[in-house]
Amino acid sequence: MARTVGWVPKKGGKAGEGSWRVRVSHKDDSGKTKWDSATIKAADHGGKRSSKVIAEKLAIRMEDDRAASAMAPVRPETMTVAELAHRWLAATAERRVPDAQATEVQRTNDYIIAAIGPVLIVHVNAAHIRRVHEESRTGTRGQPLSQTTRRHVHMTCVAMFRWAVRQGFLEANPTDKTDPPKKGFIPRFIIPATQQAAVVKAVQTMGPQRESTEWLMSAAVRISLATGVRQGELVGFQWGDWNPKSQILTVARSITRQNTIREGGKSQRIRHVRLGDAMTGWMGRWRDTLDALGDAHGLPRTTGEDPIVTWVTPRGPPAWRGHIRPQVLSRWWSHNRLEVAEIVNDPAIADVVWHGQRHSFVTAAIEAGASPHDVGTVVGHHAVETTRDYWRDHGASAGRVSDALPDFG
Numbered sequence: 000m001a002r003t004v005g006w007v008p009k010k011g012g013k014a015g016e017g018s019w020r021v022r023v024s025h026k027d028d029s030g031k032t033k034w035d036s037a038t039i040k041a042a043d044h045g046g047k048r049s050s051k052v053i054a055e056k057l058a059i060r061m062e063d064d065r066a067a068s069a070m071a072p073v074r075p076e077t078m079t080v081a082e083l084a085h086r087w088l089a090a091t092a093e094r095r096v097p098d099a100q101a102t103e104v105q106r107t108n109d110y111i112i113a114a115i116g117p118v119l120i121v122h123v124n125a126a127h128i129r130r131v132h133e134e135s136r137t138g139t140r141g142q143p144l145s146q147t148t149r150r151h152v153h154m155t156c157v158a159m160f161r162w163a164v165r166q167g168f169l170e171a172n173p174t175d176k177t178d179p180p181k182k183g184f185i186p187r188f189i190i191p192a193t194q195q196a197a198v199v200k201a202v203q204t205m206g207p208q209r210e211s212t213e214w215l216m217s218a219a220v221r222i223s224l225a226t227g228v229r230q231g232e233l234v235g236f237q238w239g240d241w242n243p244k245s246q247i248l249t250v251a252r253s254i255t256r257q258n259t260i261r262e263g264g265k266s267q268r269i270r271h272v273r274l275g276d277a278m279t280g281w282m283g284r285w286r287d288t289l290d291a292l293g294d295a296h297g298l299p300r301t302t303g304e305d306p307i308v309t310w311v312t313p314r315g316p317p318a319w320r321g322h323i324r325p326q327v328l329s330r331w332w333s334h335n336r337l338e339v340a341e342i343v344n345d346p347a348i349a350d351v352v353w354h355g356q357r358h359s360f361v362t363a364a365i366e367a368g369a370s371p372h373d374v375g376t377v378v379g380h381h382a383v384e385t386t387r388d389y390w391r392d393h394g395a396s397a398g399r400v401s402d403a404l405p406d407f408g
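Each residue of the sequence shown is one higher than the one before, starting from 0 at the first, in numbering that gives the first Met the number 0.
Derived by calculation from the structure, the hints in this document are not laboratory data. Take these hints with a grain of salt, some might be off.
Once the Cα atoms are required to be at most 30 Å apart in a straight line, the calculated DSS-like pairs of lysine-lysine come out as [stated by the list, open to error]:
1) Lys244 to Lys265
2) Lys9 to Lys51
3) Lys10 to Lys56
4) Lys31 to Lys47
5) Lys26 to Lys51
6) Lys47 to Lys13
7) Lys51 to Lys181
8) Lys176 to Lys244
9) Lys31 to Lys13
10) Lys51 to Lys13
11) Lys56 to Lys31
12) Lys40 to Lys51
13) Lys265 to Lys56
14) Lys9 to Lys47
15) Lys265 to Lys51
16) Lys40 to Lys13
17) Lys56 to Lys13
18) Lys33 to Lys47
19) Lys33 to Lys9
20) Lys26 to Lys13
21) Lys56 to Lys40
22) Lys244 to Lys200
23) Lys26 to Lys40
24) Lys10 to Lys47
25) Lys200 to Lys265
26) Lys200 to Lys176
27) Lys33 to Lys10
28) Lys26 to Lys56
29) Lys56 to Lys176
30) Lys51 to Lys10
31) Lys200 to Lys181
Distance windows between CB atoms, simulated [as the list claims (entries may be wrong)]:
32) Glu170 to Gln142: 35 to 43 Å
33) Pro117 to His372: 43 to 51 Å
34) Ile342 to Ser49: 53 to 61 Å
35) Lys33 to Pro299: 17 to 25 Å
36) Pro117 to Gln142: 25 to 33 Å
37) Thr148 to Gly297: 41 to 49 Å
38) Asp287 to Trp34: 17 to 25 Å
39) Ala291 to Arg94: 44 to 52 Å
40) Ala291 to Trp34: 36 to 44 Å
Here a beta-carbon is modelled for each residue, glycine too, at the ideal position from N, C-alpha and C.
Generate the whole structure from the sequences, applying the supplied hints.
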């Protein structure tokens, strides 16, 4: 099943006059492709741009209706939450990339179905939704689930029951009377801006006496702290993304944990990070290091399609490592951050997880005077509130406000 929304301009009309044609494909009983179609006139919905939103929503609704009609007859009075979940996941799968679909399936099975799967959908109320909230307090590995992820589980509930209402299975969405889990302050630790250079140097000194992975890690930590990108985006960097003249590093893709490529990174939009003069010089030296290593092993020199974070593979005949999986970075850091803290002589570094380097970048940029809006654009946040949540000022902003006010003592 596929859907298309195409603009049909009005013959002889002005720019912006016309209509959107919505088409949704399906297979008939003989296996032939058929199309359901509809037309949305721009003049009836406030113009071309606003009518496109209406057309896209209509396409989704038509796709839902067609997917639901292809399933077995539905009896809402006997349908359980588990059955609803399976129908919803199947009907909406084509809207998501495979990784997003896998995540949605996992959340639905592990928390929603586990908590209220046998309950009839007509009996679901606010108490059942709160039971899902309780189920999501602890993850499948026995560790507390983050409050952000718990809110994601709640939004999965909202989307599933909203779809059930659109299909006519329910008259009202039971999640309308429930609030998502409250998002409180999560204690995360960062590497202060004054310590970041020392951390990079510490990781670099750990390399020559050990295996080649440490050399790769010295580059990974440096680029991570200099750009604030996510793990998958970091290992997805290619030399073709780097422009030394403009000093711009483009975030064009992300490598998932399943070792697949997601274009546009996790935020699914191209971003640009401008590096400073010192970091630009290091990028040139890092590529020279890789080229010299390639010459020593009889390997071709790096091209624009080769990863920036790479090294010669430690197993088998000499060859360049391809895109490494992002969990390689977090595992290495988890196993070695205590030693990094000892070298830097700062015990707090041992509490910083890999993702804390992204928080460190955001905090350093905002503390240096950059706007949270600008920082959010660079790191790929869709909402400035997310950027503010990443900012760990440890009371610095409160101190500045206090210093600016008169002393009434």
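Consistency of the hints with the structure:
no.	hint	in the structure
1	Lys244 to Lys265	holds, 27 Å
2	Lys9 to Lys51	holds, 15 Å
3	Lys10 to Lys56	holds, 26 Å
4	Lys31 to Lys47	violated, 33 Å
5	Lys26 to Lys51	holds, 26 Å
6	Lys47 to Lys13	holds, 12 Å
7	Lys51 to Lys181	violated, 35 Å
8	Lys176 to Lys244	violated, 55 Å
9	Lys31 to Lys13	violated, 38 Å
10	Lys51 to Lys13	holds, 17 Å
11	Lys56 to Lys31	holds, 26 Å
12	Lys40 to Lys51	holds, 9 Å
13	Lys265 to Lys56	holds, 24 Å
14	Lys9 to Lys47	holds, 12 Å
15	Lys265 to Lys51	holds, 25 Å
16	Lys40 to Lys13	holds, 14 Å
17	Lys56 to Lys13	holds, 25 Å
18	Lys33 to Lys47	holds, 27 Å
19	Lys33 to Lys9	holds, 26 Å
20	Lys26 to Lys13	violated, 38 Å
21	Lys56 to Lys40	holds, 14 Å
22	Lys244 to Lys200	holds, 26 Å
23	Lys26 to Lys40	holds, 28 Å
24	Lys10 to Lys47	holds, 15 Å
25	Lys200 to Lys265	holds, 29 Å
26	Lys200 to Lys176	violated, 53 Å
27	Lys33 to Lys10	holds, 27 Å
28	Lys26 to Lys56	holds, 22 Å
29	Lys56 to Lys176	holds, 24 Å
30	Lys51 to Lys10	holds, 19 Å
31	Lys200 to Lys181	violated, 40 Å
32	Glu170 to Gln142: 35 to 43 Å	holds, 39 Å
33	Pro117 to His372: 43 to 51 Å	holds, 47 Å
34	Ile342 to Ser49: 53 to 61 Å	holds, 58 Å
35	Lys33 to Pro299: 17 to 25 Å	violated, 51 Å
36	Pro117 to Gln142: 25 to 33 Å	holds, 26 Å
37	Thr148 to Gly297: 41 to 49 Å	holds, 47 Å
38	Asp287 to Trp34: 17 to 25 Å	violated, 56 Å
39	Ala291 to Arg94: 44 to 52 Å	holds, 48 Å
40	Ala291 to Trp34: 36 to 44 Å	violated, 58 Å
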